[in-house]
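Listed in order, the protein sequences are those of chains A and B. Per the working numbering, the first sequence runs over residues 192 to 529. Per the working numbering, the second sequence runs over residues 192 to 529.
Treat the hints as calculated values from the structure; they're not laboratory data. Hints may contain errors.
A pair counts as met if it fits within one copy or between any two copies, since identical chains are not told apart.
Stated by the list, open to error - In silico lysine to any residue, SDA-like type, Cα no more than 25 Å apart, as pairs:
hint	residue 1	residue 2
1	321	331
2	321	291
3	260	238
4	218	276
5	273	226
6	321	381
7	321	336
8	321	332
9	321	279
10	218	412
11	456	503
12	218	232
13	456	475
The structure displayed is predicted, hence computed values, not measured ones.
Protein chains: 2
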Amino acid sequence: MQEDRKLAVLRAIVEDYVATQEPVGSKALVERHRLGVSPATVRNDMAALEEEGLIAQPHTSAGRIPTDKGYRFFVDRLSRLKPLSTAERRAIASFLEGAHDLDDVVRRSVRLLAQLTQQVAIVQYPQLAKSTVRHVELVALSSTRLLAVLILSTGRVEQRVIEIPADLDDELLGDLRSRTNRSAAGQRIADAAAALSTLPDEVAPERSATFSVVVATLVEAMSDHRSDERVVVGGTANLARFGDSFESSIRPMLEALEEHVVLLKLLGEASSSQVTVRIGREGPYDQLSSTSVVATGYGADEVLGSLGVVGPTRMDYPGSMAAVHAVARYVSDILDES
Amino acid sequence: MQEDRKLAVLRAIVEDYVATQEPVGSKALVERHRLGVSPATVRNDMAALEEEGLIAQPHTSAGRIPTDKGYRFFVDRLSRLKPLSTAERRAIASFLEGAHDLDDVVRRSVRLLAQLTQQVAIVQYPQLAKSTVRHVELVALSSTRLLAVLILSTGRVEQRVIEIPADLDDELLGDLRSRTNRSAAGQRIADAAAALSTLPDEVAPERSATFSVVVATLVEAMSDHRSDERVVVGGTANLARFGDSFESSIRPMLEALEEHVVLLKLLGEASSSQVTVRIGREGPYDQLSSTSVVATGYGADEVLGSLGVVGPTRMDYPGSMAAVHAVARYVSDILDES
DNA sequence: TATTGGCACTCGGGAACCGAGAGTGCCAGA
DNA sequence: TCTGGCACTCTCGGTTCCCGAGTGCCAATA
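All chains, please: the whole structure from these sequences, using the hints.
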């Protein structure tokens with residue numbers, strides 16, 4: 192038995208099953224793919240593949256379907272790179288071009304990814320910790336209330352309303368503005384927080400309290416881990432195309448999609464800038480046993496956040512990986528230049 | 192035949208059907224509700240109600256289910272106000288309390304609404320047109336690029352990157368800042384846009400071009416209708432509880448939920464501050480023939496945006512209406528005070 | 001006149017049944 | 001090592017059949 196033909200059979204099974212969503216039999220296989228051997232031979236190969244746990248049959252008189260392990264093998268060793276068509280590239284570029292806002296970029300990316308892959312797309316907002324502070328703006332709301340706006344390099348904007356223990360006047364406000372900006376602007380979040388913390392000690396005693404409150408709020412905003420949980424989900428309607436059983440597949444997906452923390456974990460496993468794939472039960476989530484995640488990090492120099500798609504294990508891995516990769520690159524570029 | 196008993200029967204049918212999701216028969220009805228009459232009598236009433244088109248039977252040997260018209264009647268005339276429990280009120284308050292951001296408020300509201308009603312919740316961002324400008328901030332990115340940040344009273348923040356036709360220096364930047372703020376700050380969006388438009392004519396000729404570009408971008412940002420389409424959806428997982436047929440009910444819902452424009456239309460029909468209900472085919476959307484929308488506007492003095500829930504026609508109207516109403520009030524309060 | 005018990009009738013849905021067809025494993029021969 | 005042949009297995013779709021819930025109608029009754 193030839194080893195490479197056996198692998199060709201595995202590849203053919205994966206491709207056919209992904210395309211048709213039906214168990215594929217030996218006869219259909221030799222007809223569709225020019226394997227140059229008879230169905231009986233293929234059957235032998237299949238038996239061997241099943242022995243190795245790469246494929247399985249749902250019931251005795253049915254064709255074979257790939258197992259998680261089979262998909263994994265396919266992804267790691269068999270899948271050929273599927274370059275995007277120029278039309279697709281153009282679509283990506285033009286789709287993301289008009290974005291003038293971080294929110295815009297994120298929302299468009301999700302949409303785009305969902306459309307390209309025909310699956311559920313997830314995009315995480317750039318993580319706070321990876322940003323630098325671009326500007327701190329303080330706007331007086333009343334004589335004792337202040338709106339602090341934190342503008343970050345990634346385009347994120349955080350705001351907080353602050354109650355001030357003293358009456359605001361223009362001079363105090365100006366002082367707050369210039370000192371906070373001098374400490375924070377241009378710094379990475381962590382450094383900015385550190386620099387800000389020393390501010391209250393550096394000003395006149397009667398202003399120390401006010402500075403303390405403002406600085407505390409800013410620092411809190413900078414280290415708010417909850418806002419790192421921000422993700423956007425799109426293409427949920429593609430769940431409908433799964434054709435899969437509702438109970439076993441779609442319901443848990445919907446539930447997981449609501450749980451942003453779970454999603455982040457799914458994405459987060461893939462925080463490098465390489466495209467990573469989680470297949471079926473490979474993760475710790477039992478309910479998602481029949482779904483796979485294709486994800487990657489984005490960001491020009493360092494990884495700012497992750498994005499990816501979620502779909503049934505039976506999905507077009509090469510296509511999804513290519514799309515995820517391409518979108519991540521475009522997003523990285525956009526964030527870098529703005 | 193007593194008219195009011197007939198209506199009691201209708202109410203009982205609606206309540207039972209909503210609770211059990213199964214056609215309700217005459218016998219079950221007299222057992223569960225103390226109607227004080229025999230099943231036969233109820234059957235007569237049912238026949239009359241069916242005659243009037245308020246209920247129907249899915250097939251001959253089944254119980255009755257309410258028609259859209261029946262639900263409408265129930266909502267308009269029969270439903271008793273269902274005040275929220277104090278526990279629920281407390282939950283709302285504490286849930287929304289910690290929000291320090293418009294984004295936060297919106298996201299928490301969706302979640303809350305979805306949780307309270309066990310349905311899909313939709314919250315629209317406050318409309319731009321209804322806001323006033325709180326502050327315009329301009330941050331230099333490089334010597335020819337500028338980040339404009341528009342801070343609005345509702346807490347919305349819009350930003351744009353602007354290419355400047357001249358070199359930026361601190362003095363020019365200061366001039367831009369003070370003039371734009373003098374024109375725009377405190378004004379309603381429409382007025383601010385108008386006031387800004389005259390700016391380029393008021394400055395020294397060599398600055399006019401720069402002012403033009405900045406003003407144009409600001410005005411564009413203020414009148415960007417696309418960003419009025421912003422809505423957030425939550426509780427999609429509750430779709431799974433419909434138990435309803437997937438194809439006929441859930442798929443179109445998922446598709447509609449992706450189409451934010453459609454959602455806005457659904458909400459928008461209800462732009463007053465009263466809770467309005469759209470039942471089944473009452474809207475122009477054929478695919479959503481078996482879903483209802485309970486929505487209302489929020490905002491303290493005027494309506495800033497809408498929020499509501501979407502669910503199967505067979506839903507708990509009194510409960511949903513109460514929840515929508517309550518959440519809208521809380522959101523209004525929060526937006527008002529911040 | 002409104003209500004009620006009785007009764008025949010309808011019809012959906014689940015259980016049981018059955019046959020066709022796809023696919024397999026195995027074996028003997030090339 | 002591959003292939004053709006063959007007996008075997010099991011799912012799936014269609015059909016039939018029966019049970020029971022629920023109805024409509026009617027005659028009797030308060």
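Tested hints:
{"no.": "1", "hint": "321 / 331", "result": "between (29 Å within a copy, 21 Å between copies)"}
{"no.": "2", "hint": "321 / 291", "result": "both (21 Å within a copy, 22 Å between copies)"}
{"no.": "3", "hint": "260 / 238", "result": "within (15 Å within a copy, 61 Å between copies)"}
{"no.": "4", "hint": "218 / 276", "result": "neither (32 Å within a copy, 65 Å between copies)"}
{"no.": "5", "hint": "273 / 226", "result": "within (22 Å within a copy, 69 Å between copies)"}
{"no.": "6", "hint": "321 / 381", "result": "within (9 Å within a copy, 37 Å between copies)"}
{"no.": "7", "hint": "321 / 336", "result": "between (30 Å within a copy, 23 Å between copies)"}
{"no.": "8", "hint": "321 / 332", "result": "between (30 Å within a copy, 18 Å between copies)"}
{"no.": "9", "hint": "321 / 279", "result": "neither (30 Å within a copy, 39 Å between copies)"}
{"no.": "10", "hint": "218 / 412", "result": "neither (62 Å within a copy, 61 Å between copies)"}
{"no.": "11", "hint": "456 / 503", "result": "within (18 Å within a copy, 32 Å between copies)"}
{"no.": "12", "hint": "218 / 232", "result": "within (10 Å within a copy, 66 Å between copies)"}
{"no.": "13", "hint": "456 / 475", "result": "within (10 Å within a copy, 41 Å between copies)"}
Going down the numbered hints, you'll see the structure goes against 4, 9 and 10, while the others check out.
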